[in-house]
Every structure is written in structure tokens, then in C-alpha cells.
Amino acid sequence: MGIAQPTRVQVDVSLRLVVPEGSSLPVKASLRYEPEDPYAVHVIFHAGSTEASGEVSWSFARQLLADGMTEPTGIGDVRVWPWQAANGPSVALALSSPDGHALFEVPRLALGDFLGRTYRQVPEGAESVHLDIDGALAALLGSYGSEPR
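Residue numbers (our numbering): 40 to 188.
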């Protein structure tokens with residue numbers, strides 16, 4: 040009997056985009072965690088299209104998202120902090136890029152459930168066990184060796 044391998048965790052969630060007037064608009068998204076990329080989480084925004092081209096993905100540290108549940112954290116492109124939304128406890132997720140800035144309300148309960156599931160797959164502190172450094176190096180060196188000189 041072998042040890043069960045961790046599997047992908049994906050949760051569909053309805054975020055709220057906070058607009059300048061103080062109101063918010065619904066945004067469909069998915070929170071995703073891949074054990075092969077154990078330090079990261081991914082937020083995939085669905086732009087109303089069923090095609091993959093209608094999706095926008097942001098990736099950042101799982102620890103950043105976890106810390107943001109209880110205290111303001113992050114600098115630069117991704118910032119996370121506790122937020123009291125009109126519809127209940129939430130977490131604010133602020134994303135910045137050269138193209139603009141967006142502030143989202145993430146339901147705290149859904150985010151906590153997602154993070155709990157990721158930590159059951161790959162516990163905090165065990166991430167390095169799931170990194171395939173040999174595979175990444177082999178792919179890198181293999182592609183390097185196949186280049187004409």
C-alpha cells in the first residue's frame with residue numbers, strides 16, 4: 040500500500056469587484072492549487088466565456104493568501120487583507136499591473152475552506168518535498184542540449 044499522492048484543489052467562487060462608487064459587481068473565478076507547484080495558488084477569472092481564452096490567471100504565494108486572512112500582507116502587484124463586506128466577512132484581494140488595478144472581495148468562508156484543503160494535500164513546511172527539481176533540471180538541460188550550436 041503506497042502513500043496517496045496529493046491532488047489538485049480547485050474551488051469555484053463568486054468574487055465581488057469593488058468599483059469606485061463603492062458598490063460591487065459579481066465576478067466568477069476559480070481558486071486552484073497544484074501540488075506540483077506547492078508554494079503557489081492561482082486565481083482564474085472567468086470572463087463570461089467558456090473558452091480558455093476568456094480566462095485570466097494570477098499566481099502568487101499560498102502563504103500570502105493565508106496570511107491575508109488575518110492581517111494586511113503583500114507589496115507590489117498582490118496585496119491581501121481582512122475585509123468586512125456588506126454581505127459578511129471577506130478578504131480583500133488587490134491586484135495591480137501596468138494595465139490597471141482591481142480590488143476584489145473574496146468570501147472568507149470559501150477562502151478558508153480552499154486553503155484548508157490545500158494544506159491537507161501539502162502541509163505547510165512540506166512544500167519542498169513536492170518540488171520536482173530533477174525533472175525541471177532535466178527539462179532545462181535537455182532543451183539546452185537540443186539547441187543547434
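By construction, these hints were calculated from the structure, which means they are not laboratory data.
Here the structure is a predicted model, which means the values were calculated and not measured.
C-beta: ideal position from N, C-alpha, C; glycine also.
Please note that the accuracy of each hint is not assured.
To be verified - Here are the in silico distance ranges between beta carbons for each label pair: (1) Arg159 x Pro59: 21 to 29 Å; (2) Leu148 x Pro59: 36 to 44 Å; (3) Glu94 x Asp152: 34 to 42 Å.
Stated by the list, open to error - With a straight-line cut-off of 25 Å between C-alpha atoms, the simulated SDA-like cross-links for lysine to any residue are: (4) Lys67 x Val95; (5) Lys67 x Leu180; (6) Lys67 x Trp120; (7) Lys67 x Leu134; (8) Lys67 x Thr109; (9) Lys67 x Pro146; (10) Lys67 x His85; (11) Lys67 x Tyr158; (12) Lys67 x Ala177; (13) Lys67 x Ala131; (14) Lys67 x Ser53; (15) Lys67 x Asn126; (16) Lys67 x Gly181; (17) Lys67 x Tyr78; (18) Lys67 x Leu148; (19) Lys67 x Glu94; (20) Lys67 x Ala178; (21) Lys67 x Ala124; (22) Lys67 x Ala105; (23) Lys67 x Pro111; (24) Lys67 x Gly127; (25) Lys67 x Asp152; (26) Lys67 x Phe99; (27) Lys67 x Gly93; (28) Lys67 x Val57; (29) Lys67 x His81; (30) Lys67 x Trp97; (31) Lys67 x Ser136; (32) Lys67 x Arg55; (33) Lys67 x Phe84; (34) Lys67 x Leu179; (35) Lys67 x Ala133; (36) Lys67 x Val52; (37) Lys67 x Gln44; (38) Lys67 x Gly151; (39) Lys67 x Pro137; (40) Lys67 x Thr46.
Which of the stated hints cannot be reconciled with the structure, identified by number in ascending sequence? 1, 2, 3, 5, 12, 16, 20, 34, 37
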